[in-house]
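Turn these sequences into a full structure, and let the hints guide you.
Chains A and B supply the protein sequences, listed in that same order.
Quick note on the numbering used here: the first sequence kicks off at 8 and runs consecutively.
Quick note on the numbering used here: the second sequence kicks off at 12 and runs consecutively.
Keep in mind the hints are simulated off the structure, nothing from the lab.
Please note that the accuracy of each hint is not assured.
Claimed, not checked - Label-pair ranges, simulated between beta-carbon atoms:
1) 263(B) <-> 85(A): 25 to 35 Å
2) 258(B) <-> 85(A): 38 to 48 Å
3) 85(A) <-> 325(B): 23 to 33 Å
4) 260(B) <-> 56(A): 19 to 29 Å
5) 144(B) <-> 27(A): 16 to 26 Å
6) 57(A) <-> 251(B): 22 to 32 Å
In this text the structure is predicted, and so the values were computed from the model without any measurement.
Glycine residues also receive a C-beta, built at the ideal position from the N, C-alpha and C atoms.
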Amino acid sequence: MPETITIDPVVRIEGHLGIDVTVDKGEVIDAHTHGTLFRGAEIILVGRDPRDAPTITSYICGVCVSEHQLASAFSLEDAAKVNIPRNAILIRNIIEGATTLYSHLLHIFVLTGPDYDLYGLGNDKWAELLKEVVIPVQVNCHQIVAIWGGRSPHYYATVAGGEGVVPKSELIGMTLARMNLRLPRQPPRATRFRCWTHKLPRLRRLSKPRQLGGETVQARRHHVRCSSNLGYAKNLRGRKTFMVF
Amino acid sequence: MRTTRREFLKTTAALGAATVYTLYARDIASVFSAAAEGDIHTIWFQGAADAGCSISLLQGARPDLIDAITDFKLSVDFHPNIMFPEGEAATSALRDAAEGSKPLDVFILEGAVPEGNFGTVGEIDGKPVTMETWVKQLASQAQYVVAVGTCATSGGIPGAYPNPTRAKGLQYYKQEKGGVLGADFKSRAGFPVINIPGCPPHPDWITLTLSDVLRGFAPHLDNYQRPTAFFGSVVHDKCPRLGYFEKNQFASKFGDLQCLWKLGCKGPITYANCPEIKWNRGINSCTTFASGCRGCADPSFPDPPSSPFFKEIEAVPAPLGIDVNLVGETIAAATAIGIGAHALRRFALKGRQGTTTETAKEGA
Numbered sequence: 008m009p010e011t012i013t014i015d016p017v018v019r020i021e022g023h024l025g026i027d028v029t030v031d032k033g034e035v036i037d038a039h040t041h042g043t044l045f046r047g048a049e050i051i052l053v054g055r056d057p058r059d060a061p062t063i064t065s066y067i068c069g070v071c072v073s074e075h076q077l078a079s080a081f082s083l084e085d086a087a088k089v090n091i092p093r094n095a096i097l098i099r100n101i102i103e104g105a106t107t108l109y110s111h112l113l114h115i116f117v118l119t120g121p122d123y124d125l126y127g128l129g130n131d132k133w134a135e136l137l138k139e140v141v142i143p144v145q146v147n148c149h150q151i152v153a154i155w156g157g158r159s160p161h162y163y164a165t166v167a168g169g170e171g172v173v174p175k176s177e178l179i180g181m182t183l184a185r186m187n188l189r190l191p192r193q194p195p196r197a198t199r200f201r202c203w204t205h206k207l208p209r210l211r212r213l214s215k216p217r218q219l220g221g222e223t224v225q226a227r228r229h230h231v232r233c234s235s236n237l238g239y240a241k242n243l244r245g246r247k248t249f250m251v252f
Numbered sequence: 012m013r014t015t016r017r018e019f020l021k022t023t024a025a026l027g028a029a030t031v032y033t034l035y036a037r038d039i040a041s042v043f044s045a046a047a048e049g050d051i052h053t054i055w056f057q058g059a060a061d062a063g064c065s066i067s068l069l070q071g072a073r074p075d076l077i078d079a080i081t082d083f084k085l086s087v088d089f090h091p092n093i094m095f096p097e098g099e100a101a102t103s104a105l106r107d108a109a110e111g112s113k114p115l116d117v118f119i120l121e122g123a124v125p126e127g128n129f130g131t132v133g134e135i136d137g138k139p140v141t142m143e144t145w146v147k148q149l150a151s152q153a154q155y156v157v158a159v160g161t162c163a164t165s166g167g168i169p170g171a172y173p174n175p176t177r178a179k180g181l182q183y184y185k186q187e188k189g190g191v192l193g194a195d196f197k198s199r200a201g202f203p204v205i206n207i208p209g210c211p212p213h214p215d216w217i218t219l220t221l222s223d224v225l226r227g228f229a230p231h232l233d234n235y236q237r238p239t240a241f242f243g244s245v246v247h248d249k250c251p252r253l254g255y256f257e258k259n260q261f262a263s264k265f266g267d268l269q270c271l272w273k274l275g276c277k278g279p280i281t282y283a284n285c286p287e288i289k290w291n292r293g294i295n296s297c298t299t300f301a302s303g304c305r306g307c308a309d310p311s312f313p314d315p316p317s318s319p320f321f322k323e324i325e326a327v328p329a330p331l332g333i334d335v336n337l338v339g340e341t342i343a344a345a346t347a348i349g350i351g352a353h354a355l356r357r358f359a360l361k362g363r364q365g366t367t368t369e370t371a372k373e374g375a
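Structure representation (structure tokens):
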């Protein structure tokens, strides 16, 4: 006799979702998801000043603010057929990189990990890991976004056509300082897993050597060493590295 | 030295919210630790929200969200982003509070309340329960009701024109009183809805207001029921670029450091103390180094007068009610006279005392 199980609300997601699963003799034979909230962002955008679109679109989500804002800015720039300055691309990369980092962190440790008992998270270790690792690191990433955007979440630097800020050496220094993060105390040991980033195709040099005032300089990739206290993400050479993009 | 009550209140008002935290950090911690024994039951409900207010709360400090929940055992019975039980177990927490079988001390709403089936949470007997139903039932059971964010306060983004879901805030829709609960609503402790606007609100605004509420009294509220400690002055008044405004120097393109008025900054009409307390633990604010205030704490956000975001403010409402060009020129003229007078005085003093060897060259 097939039985339908409803899970509504699904928790530890952003937003509202319900799931119906029909099970017969221990096998799932049918499943439906239903979004249980409608807001109508596209309808709200109609008739407004187009330059307002990145700001309003960014409020679709409070976690992935940067992605919606960028998609909106890209569509406006495509419509106007403009190329944005290179500095704007770099600043958008920095903000997007920090956002991706804290999104992954939030997703694995807070939202999804407990459901799959990832890294032993399905127990009371969750709260401790949250306090010792997740909160400081995501505050750090949000600070990188705030340096370039004014605040985080929901920053206001991305405008159609570029970024509303200019890079200054202080901002670059502040960002670099937050890319070498040392945690204050030994957090609880999470399960080790093999880092797979070394298996990605090796990236070519990010820049070629240039002449600058008589000497040859070349930009370097920045390796962020995660603290040995974290106890995970070791590559085959035993070196703990993250690649920051 | 004895001070009168009036002077003491003036001094604390002048100190501003930034110092309140350092002054009362120990008090705040003790309030939350008392909550551990008393087990204060809170429900953080999300309506038509984007979870930005919760993410903003995670950026706070002293106490941060985890300190408040774990060390002090603040009993958060329902929070969709962090709670473990889902489905019927989650709705049972809501049902217990709504029916009154479990106490509910603070009901916090994040996000606007859309009409009818535009937003539902959970099912009872196979039928989805609308957010309106939950909000009205839980608000009637709670001792205190707090609206976090511009959406819960006054409709916000889902309530923006043309408001396809007929979403409203708890007790306001834009500037009109009313909302989902009605203009006359009072929670069980006898207070109206406490509004903490902002899109998202600063985490300090939320934690400090909650610590007041948990201590058993509502903070001093203004005519939009916002705590005046944080929403008593406009962004413009505390902006670090105010000096440029007074010298009539305006930024003409993004990246300039002068006053952002002509690029559409809504600082002069938005009540919030953002430039004073800064964001993300003192890093930056939207007017300090970004592309300007969008008026996200204004009840009208994101409709006019807080939008279009890049159109400069023309009609400045009372009590400002002044022409920006006139003000700038007047102050610039006064400053020039002041500098001139000071230079004359220095020059005259030098001539009389004859203390320095550099005479006319330096003073001129």
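Verification of the hints:
{"no.": "1", "hint": "263(B) <-> 85(A): 25 to 35 Å", "result": "26 Å, holds"}
{"no.": "2", "hint": "258(B) <-> 85(A): 38 to 48 Å", "result": "40 Å, holds"}
{"no.": "3", "hint": "85(A) <-> 325(B): 23 to 33 Å", "result": "31 Å, holds"}
{"no.": "4", "hint": "260(B) <-> 56(A): 19 to 29 Å", "result": "26 Å, holds"}
{"no.": "5", "hint": "144(B) <-> 27(A): 16 to 26 Å", "result": "21 Å, holds"}
{"no.": "6", "hint": "57(A) <-> 251(B): 22 to 32 Å", "result": "30 Å, holds"}
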